[in-house]
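If you read the protein sequences in the order shown, they are chains F and D. Going left to right, the first sequence walks through residues 1 to 169 as my numbering numbers them. Going left to right, the second sequence walks through residues 1 to 734 as my numbering numbers them.
Derived from the structure by calculation, the hints contain no laboratory data. Take the hints with a grain of salt, since some may be wrong.
Unchecked claim - List time: in silico DSBU-like cross-link candidates among lysine-lysine, alpha-carbon distance up to 35 Å:
1. D/K440 to D/K519
2. D/K440 to D/K8
3. D/K40 to F/K153
4. F/K153 to D/K194
Below, each chain spelled out in residue letters.
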Amino acid sequence: MVTSHTDAFVESARRVDAVVTPTTVDEFAGTLEDVVTEPAVGTPLPFEGVTYDGTAVDGAPTGAALAEAATGVTAAAAAIADYGSVVLQETGAGEELLGLYPDRHVVVVAASDVVPDMPAAFEALDGQFDAGRRDAILATGPSATADMGAVVKGVHGPREVQILLLEDR
Amino acid sequence: MSDSRRQKAARIRSLLETEGDAVFENTTTFNDGRYESVEKLDDYEGLKARARAIKEDAIANLPDLVEAVTETVEANGGTVYLAEDEADAQRYIAEVVEDRDADSVVKSKSMTSEEIEINDHLQSRGVDVWETDLGEFVLQVADEAPSHIVAPAIHRSRENIAELFDAHFDTDAPLETAEDLTEFAREYLAERIKDADVGMTGANFVTADTGTIALVTSEGNARKSVATTDTHVAVAGVEKVVPSLGDLQPFVELIGRSGTGQDITAYVSLLTPPVGTPVPDFDDDETPLAEAGPDRDYHLVLIDNGRMAMRDDDDLRETLYCIRCSACANSCANFQHVGGHAFGGETYSGGIATGWEAGVHGEDSAAEFNDLCTGCSRCVNQCPVEIDIPWINTVVRDRINRGADPDTFDFLVEGLTPDEEPAGLDVQKRFFGNFETAAKLGSATAPLSNWVMDAGPVRSALERFVGVDSRRDLPTFERETFREWFATRGPRVDPADAAREVVLYPDVYTNYVSTARGKAAVRALEALDVHVTVPAVGESGRAPLSQGMVSTAGEKASRVYGALAEHVDAGRDVVVVEPSDLAMFAREYERLLPERSHERLAEQSYEVMEYVYGLLENGGDPDALATGNEAVAYHSHCQQRTLGLAAHTVAVLEQLGHDVVTSDVECCGMAGSFGYKQEYYDLSMDVGDELATQFTTDETRDRTVVASGTSCLEQLDSLLQRVPTHPVELVAPR
Ligand code: SF4
Numbered sequence: 001m002v003t004s005h006t007d008a009f010v011e012s013a014r015r016v017d018a019v020v021t022p023t024t025v026d027e028f029a030g031t032l033e034d035v036v037t038e039p040a041v042g043t044p045l046p047f048e049g050v051t052y053d054g055t056a057v058d059g060a061p062t063g064a065a066l067a068e069a070a071t072g073v074t075a076a077a078a079a080i081a082d083y084g085s086v087v088l089q090e091t092g093a094g095e096e097l098l099g100l101y102p103d104r105h106v107v108v109v110a111a112s113d114v115v116p117d118m119p120a121a122f123e124a125l126d127g128q129f130d131a132g133r134r135d136a137i138l139a140t141g142p143s144a145t146a147d148m149g150a151v152v153k154g155v156h157g158p159r160e161v162q163i164l165l166l167e168d169r
Numbered sequence: 001m002s003d004s005r006r007q008k009a010a011r012i013r014s015l016l017e018t019e020g021d022a023v024f025e026n027t028t029t030f031n032d033g034r035y036e037s038v039e040k041l042d043d044y045e046g047l048k049a050r051a052r053a054i055k056e057d058a059i060a061n062l063p064d065l066v067e068a069v070t071e072t073v074e075a076n077g078g079t080v081y082l083a084e085d086e087a088d089a090q091r092y093i094a095e096v097v098e099d100r101d102a103d104s105v106v107k108s109k110s111m112t113s114e115e116i117e118i119n120d121h122l123q124s125r126g127v128d129v130w131e132t133d134l135g136e137f138v139l140q141v142a143d144e145a146p147s148h149i150v151a152p153a154i155h156r157s158r159e160n161i162a163e164l165f166d167a168h169f170d171t172d173a174p175l176e177t178a179e180d181l182t183e184f185a186r187e188y189l190a191e192r193i194k195d196a197d198v199g200m201t202g203a204n205f206v207t208a209d210t211g212t213i214a215l216v217t218s219e220g221n222a223r224k225s226v227a228t229t230d231t232h233v234a235v236a237g238v239e240k241v242v243p244s245l246g247d248l249q250p251f252v253e254l255i256g257r258s259g260t261g262q263d264i265t266a267y268v269s270l271l272t273p274p275v276g277t278p279v280p281d282f283d284d285d286e287t288p289l290a291e292a293g294p295d296r297d298y299h300l301v302l303i304d305n306g307r308m309a310m311r312d313d314d315d316l317r318e319t320l321y322c323i324r325c326s327a328c329a330n331s332c333a334n335f336q337h338v339g340g341h342a343f344g345g346e347t348y349s350g351g352i353a354t355g356w357e358a359g360v361h362g363e364d365s366a367a368e369f370n371d372l373c374t375g376c377s378r379c380v381n382q383c384p385v386e387i388d389i390p391w392i393n394t395v396v397r398d399r400i401n402r403g404a405d406p407d408t409f410d411f412l413v414e415g416l417t418p419d420e421e422p423a424g425l426d427v428q429k430r431f432f433g434n435f436e437t438a439a440k441l442g443s444a445t446a447p448l449s450n451w452v453m454d455a456g457p458v459r460s461a462l463e464r465f466v467g468v469d470s471r472r473d474l475p476t477f478e479r480e481t482f483r484e485w486f487a488t489r490g491p492r493v494d495p496a497d498a499a500r501e502v503v504l505y506p507d508v509y510t511n512y513v514s515t516a517r518g519k520a521a522v523r524a525l526e527a528l529d530v531h532v533t534v535p536a537v538g539e540s541g542r543a544p545l546s547q548g549m550v551s552t553a554g555e556k557a558s559r560v561y562g563a564l565a566e567h568v569d570a571g572r573d574v575v576v577v578e579p580s581d582l583a584m585f586a587r588e589y590e591r592l593l594p595e596r597s598h599e600r601l602a603e604q605s606y607e608v609m610e611y612v613y614g615l616l617e618n619g620g621d622p623d624a625l626a627t628g629n630e631a632v633a634y635h636s637h638c639q640q641r642t643l644g645l646a647a648h649t650v651a652v653l654e655q656l657g658h659d660v661v662t663s664d665v666e667c668c669g670m671a672g673s674f675g676y677k678q679e680y681y682d683l684s685m686d687v688g689d690e691l692a693t694q695f696t697t698d699e700t701r702d703r704t705v706v707a708s709g710t711s712c713l714e715q716l717d718s719l720l721q722r723v724p725t726h727p728v729e730l731v732a733p734r
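Turn these sequences into a full structure, and let the hints guide you.
So this is what it looks like as structure tokens:
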């Protein structure tokens, strides 16, 4: 299901230097192949019918594999249209690490999980925190610093953020 | 006395030269970003009001919240330690590090941990401590203190950092670009993070209901320090606790915009430690991360260090609402020019730093830089939690005044000091705080007084004993005061025929120095059928207030209200020529007068051009005023802008046919007595340069210069070849 907020989300994400690529369950493997750089590692994706089968992504990486990875693939619990942000959550599979260490972070988000604004995002978060999911990162574009005299992308976190928007979820 | 002034002036001059440009560029970029970013919000004012309300409640209920968060964090599997002061916090954190057998700690930027000087403490015990925020890392390498609460190394340029790294590290190739430098620091710190046993962070907010900490960052270093190490120590002032997760929403929307002008920073991390992230072993190529398990230890160190006492202090309490966004610093003209190494204390810098330093380190630390707040009030509307920052600065100044020892020069100003202040008060402050007395005397003895004041011996004595810079022209007093002129001339519109009745407030400058603007105000108002009276009423209290002489200001406020009460009761409007006096009635009198008195006066007071605007809007005949087609360059007064009154002047001038260009600099750099003071003269001129530049472009060079405030007029007069004038002089019929 495509909500009316997705267009706004795509536009805001572009402004913060995140690239959004629409996809579907059927096209997922192909779309993913286009945006990963190998070696790539991923954490389990909670969308029915969406797996790493047929892709180069290592779906159960070790610490050593993470250290080598050029791309980390993780799912997002939600996205915020006004800000172009994605809401990243840890399930114990290492999402936080995969979203930080590799140079490229590929985020998979369902279009139906795009909320319009920050109040809506907090409403959703409240429910999830009540249900025990208690770490969330509102991530907006790649990591950045201006401390060295000019804005540089990719500091302690990824240089590039690719968002795959699953439109039939 | 004069030696310490000279030293201060020299230090300011040297910072202006070495750090001023970098600070200016960065703070003004942040500032412009903020204007643009808050513009995009549907309800900026509403959001600020909610943020403030949350903080007000949280601080009111702080003991309960601290208890609640302790229970929550412990139920989550962490430990909470309430540290009384710096030493207590240091001791506890060192114990945690020792228990963990850790020989290295990685830190994410945190002013609270700067406050407790934890790095030095741990290092003295043989523990390596690494700052992972790139700005903090630069400072660590340079062995320097932060110069800004959000962007600690803004006073250093790229070239400067490149030289520093070059001297310190053995790099393969010279690091030149910002990319090179970032890449180097990233790699270097990545190793430190992997090797560290303990990750230390601050917390922008802590929620009592879930035990969540919010970390607002852009680089990802806080996340990395927490996720990679298995022991997390979060250090936060007790004031950071808010009731619930939902309370974070307005702050998340405001903090990045207020600080660096970003809609949101790259990462807002809402972590509920111990976090669920598996602890990574980068050498392990057997065990999937998912099986590594989050075996983690978490300590939340909540620091009092004077904060609970601030909570009991009616004037300092608001400081605890501060979310450390830095908007007050970025919007401050003086800070923009000199930066936090002059405008700061032991830890905190910028507008609100006076409150923080007075609260956590004591008044001596605040005294170092407190006078750099000129009370211009530019920061007031910029603060996302609506703190009256200038008031905190004034109160602390008063306390510093009261703590001062009596000194030997008291005899010089005896008789010139009809004030309520202690004997030890600085002579310079006492002189400027009692300007009304000097003005009365000066006017009564003019023109002789003007000649005398201008003469060499008097100027050098003034400089020597009072610290009045001899490069600054002194005001010239008029023999006939504005009130005397009006008393002789009398009103020219009969109350019976008048559209409105006005009492025109004769501020000190209008009365004794710039009588022309008072006369022009009378003519303009009368041309629009207003019955004008000029009552016998004294100084508003602005002069003593800006010297921190609060009780003298209070005394003056009561007298002013006493003199105006009957007019206010009779429904007459009070019209004020000098914007800083109007600001006094509208803002500061709230603190100095009974609520009812303040409200009535504030409601019935208007700035003169605002009033003219209102008269024209209500059918006043613009042809009765002086119309013309002059090209005008207008500088509005800072306090007038805070009150939202700048647009009226422009509208009136344009309606009367003038072509108006407006300055967009934050401030003229004068702010009352500030530019007269020897130690601040250079800074005042440096700030003024911005305005001078705007008014000497091809487009503005030949325009008539118009300004609303006395201090702005004086500053413009010394900066430009053209003589500036008050806008009312342009619109008054001859
Ligand atoms: S006082 Fe207000 S503007 Fe200044 S840092 Fe604190 S919250 Fe920001």
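Note to self: When the structure is checked against the list of hints, which entries are broken? Sort them ascending.
What the structure shows: Hints that this structure does not satisfy do not exist here, as all of them hold.
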